[in-house]
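Let the sequences and hints guide you as you build the complete structure.
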Amino acid sequence: FLQQELRACGRAVSPCQESPRAPVAREALRLQEQSEQLAQELREVSRNRASLRGRLLHLRQYLHVLREGQRFTSLQVPMGSEHEVVPDPSLHHHLERKINFVAGVIHPWRVSAFERLLWRACRGYLVANFVEMPEPMEDPTTGETITWVIFLISYWGEQIGQKIRKISDCFHCHVYPYPENEASRVDTMNGLHSQIQDLSVVLEETEQFLGQVLDKVVAALPTWKVQVQKMKAIYLILNQCSFDVTEKCLIAEVWCPVKDLTQVQDALRQGSYKSGSSVECFVQRVPTSESPPTLIRTNKFTAGFQSIVDAYGVASYQEVNPAPYAIITFPFIFAIMFGDVGHGLLMFLFALWMVLYENSPSLRQANNEIWQTFFEGRYLILLMGAFSIYTGFIYNECFSKATVIFPSAWSVATMANHSSWSSDYLATHPVLTLDPNVTGVFQGPYPFGIDPIWSLAINHLNFLNSFKMKMSVILGIVHMGFGVMLGVFNHVHFKQQHRLVLEFLPEMVFLLALFGYLVFLIFYKWIKFGAADSQVAPSILIHFIDMFLFTSNPGNLPLYQGQVPVQTMLVVLALASVPVLLLGTPLYLWCRQRASRVEHNGPVVAAGDEEPLLEGQEAGNSVNATKEDVESGGHSSDAEHQDFAEIFMHQAIHTIEYCLGCVSNTASYLRLWALSLAHAQLSEVLWTMVMRNGFVGLSYVGGVVLVPVFAAFAVLTVAILLVMEGLSAFLHALRLHWVEFQNKFYVGSGYKLCPFAFASDVGE
1 FLQQELRACG RAVSPCQESP RAPVAREALR LQEQSEQLAQ ELREVSRNRA SLRGRLLHLR
61 QYLHVLREGQ RFTSLQVPMG SEHEVVPDPS LHHHLERKIN FVAGVIHPWR VSAFERLLWR
121 ACRGYLVANF VEMPEPMEDP TTGETITWVI FLISYWGEQI GQKIRKISDC FHCHVYPYPE
181 NEASRVDTMN GLHSQIQDLS VVLEETEQFL GQVLDKVVAA LPTWKVQVQK MKAIYLILNQ
241 CSFDVTEKCL IAEVWCPVKD LTQVQDALRQ GSYKSGSSVE CFVQRVPTSE SPPTLIRTNK
301 FTAGFQSIVD AYGVASYQEV NPAPYAIITF PFIFAIMFGD VGHGLLMFLF ALWMVLYENS
361 PSLRQANNEI WQTFFEGRYL ILLMGAFSIY TGFIYNECFS KATVIFPSAW SVATMANHSS
421 WSSDYLATHP VLTLDPNVTG VFQGPYPFGI DPIWSLAINH LNFLNSFKMK MSVILGIVHM
481 GFGVMLGVFN HVHFKQQHRL VLEFLPEMVF LLALFGYLVF LIFYKWIKFG AADSQVAPSI
541 LIHFIDMFLF TSNPGNLPLY QGQVPVQTML VVLALASVPV LLLGTPLYLW CRQRASRVEH
601 NGPVVAAGDE EPLLEGQEAG NSVNATKEDV ESGGHSSDAE HQDFAEIFMH QAIHTIEYCL
661 GCVSNTASYL RLWALSLAHA QLSEVLWTMV MRNGFVGLSY VGGVVLVPVF AAFAVLTVAI
721 LLVMEGLSAF LHALRLHWVE FQNKFYVGSG YKLCPFAFAS DVGE
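The letter at position 23 of the sequence shown is residue 23 when you use the UniProt record's numbering, and the numbering goes up by one with no holes.
Treat the hints with care, since some could be wrong.
In silico EDC-like links for lysine to aspartate or glutamate, alpha-carbon gap of 20 Å or less [as the list claims (entries may be wrong)]: (1) Lys216 - Glu18; (2) Lys216 - Glu369; (3) Lys752 - Asp260; (4) Lys216 - Asp424; (5) Lys752 - Glu290; (6) Lys216 - Glu358; (7) Lys216 - Glu205; (8) Lys166 - Glu115; (9) Lys230 - Glu27; (10) Lys232 - Glu33; (11) Lys230 - Glu18.
It should be emphasised that the hints constitute simulated quantities derived from the structure, not laboratory data. Note that the structure is a prediction, hence the values are computed from the model and not measured.
Below, the structure written as structure tokens:
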């Protein structure tokens, strides 16, 4: 009720600045008494104010009715917006009778229907006049400000008067007594003036007192609200506890991190002391076979990366968490597709601004959902911008233009002197070739990144395509291999050493024998063949196809001696690892299960002080479990009673997914090349078609035209290249981490630990 009254009066409740303690029972009773007293006081004041407002409204309406009626009855002139009903000429003898009046106000929407009904019911026996009220007034039922319509009806006969009053009641008109003579009307108006003045003074004092009461509510309500919500949250948790046998103590089974167990014990001890309880609270670890929840502690820097991983699936208990590695790999893979110094710098500065002003309430408490998404990922955007600047220097692109940080390693003058290019030769050959085999033309690799002279060459796209395609394959295979390597930590931690030999080893053999060999061929070709013998360099793609066909192509020279036998051996090794991956784990578990049944062919007896499993009791009960179950979190290395068919089906799906995924995932990493090429071409098109027009062909007016051209270039750069292309590269990097990287080792079938905590926005 208090909240509703504040909202009705246009008062805003500010969030509670402090965090009050949850009230004990005595404080809760006092809080209830104070709130009820304040609500009762507010209810009475609001009722009085509403009554005074309604009375003042009727008095003002009555005054306007008398004023407008006085003009009509004393001066005998038509009113401003009059609709007069002229009586029949044959009824002139009725005019000698006494004329009576019915006056009041009506809602403007009901005037036409009211007038028609009066005409039909009392035809010839009345004169109706309607005029709008000079000032708008509030409708007490809806609260809207409307301009009422005043009506004054002259009639003959008492029966006609009764009809008029009944019709007025049906249309919810406010009918007021209308004195017959002018002196009475003047006296009534004078009395109304004094009453209105007195009521206005009383209403003003009531409004002031209401404001004082509302100030008390505004000051007390946020704290009360937080206290009540905290009390309800505590009782909600207490209702989930169970009684012990004596029904005097509460028992709560909870998940608690081992690291925080000491703090929980101290908190319970302090709670028992402050409450004056004779029985001290204590904590006892209970073994369970249930899988514990997952708690990953994050800070404001790592929270964004952890959210990306959790969107795929919460890590199973004690499983390897990909988030720390994604802090580096995610921005780097994004930057490969978004490599541009200028665009990366803009993104970096935008994120840096959010980081520097992250404590600003205007940024933190914004209601825009899209803005909140950007703000929560500010550190992720910061790293993406920084890595994009780095890859932009590698690609040597800044808003699609090359930067000359170091001198070019290509010498055009040496080529011109060697070829003796004449003026006639230059006129007939618009395209000139720089031959690196000519001494002095190519002086060695560029110190960092791509040589800027490639931005002037017509074949720069062919050169960059070859470079980025091979780079994508290399980085993709390294990324997938790293994911397979992370699976080792899971196998070792959960004491599943058999999976190291029967799963990890064949997976690495399959990946390295085929695609690791492809990476070797790329590097070997780069190292072995230079500019002098580049014309006879063989095709890696044809060699890779021949490798699977167990053949050789005479037209494609081998890269090294004995290449065909080596490739045949690698393919055979990769194919041989498939049945090991398919059948190794199921057969091992089957043999182990069979040996366990032979060993335990007698009845199972509970050992030590543990109680035996009672009849009808669930095996997942928290009372009956082993220490190994607790330590392994349900990932026990013993799969004693699993169905062999289910194990085999699961392993078959995993084998098919991994083997086919190695092929499809490697091809999927080519999106790094495609998105990088698309970003570079869009940037170049935007520069050529927009910004370049501000410099070329505009003579001296170019400086003036350059202002709107640059404005258009800036808007399109932000809208297309930063927002749209950035979102596209982000989604592709997200897919590469979820599908290509995490499925090599990450299960993500856990659930988060949701500890009891008072929400930070509990006062809002």
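Taking 20 Å as the top limit, are the C-alpha atoms of lysine 216 and aspartate 424 close enough? 95 Å, violated
Within 20 Å, alpha carbon to alpha carbon, are lysine 232 and glutamate 33? 18 Å, holds
Quickly compare the C-alpha distance for lysine 752 and glutamate 290 to 20 Å and report which way the hint goes. 14 Å, holds
Below or equal to 20 Å on CA atoms is what counts here, so check lysine 216 against glutamate 18. 17 Å, holds
Pair hint outcome, lysine 752 versus aspartate 260 [Cα-Cα no greater than 20 Å]: Given that 20 Å is the threshold and the Cα spacing comes to 16 Å, the pair holds.
Please verify whether lysine 166 and glutamate 115 have alpha carbons no more than 20 Å apart. 14 Å, holds
Given hint glutamate 369 paired with lysine 216 - CA-CA distance at most 20 Å: Cα-Cα ~34 Å, so violated.
Can the restraint linking lysine 230 and glutamate 18 be considered satisfied, given a maximum Cα separation of 20 Å? Within the cut-off at roughly 13 Å; holds.
Are lysine 216 and glutamate 205 close enough, with their CA atoms no more than 20 Å apart? Distance ~17 Å between lysine 216 and glutamate 205 Cα, so the pair holds.
Hint check: lysine 216 vs glutamate 358, CA-CA at most 20 Å. Holds or violated? Measuring from Cα to Cα gives roughly 34 Å; hence the hint is violated.
Given the hinted pair lysine 230 and glutamate 27, is their Cα-Cα distance within 20 Å? Measuring from Cα to Cα gives roughly 13 Å; hence the hint holds.
Hints 2, 4 and 6 from the list above are not met by this structure, while the remaining hints are.
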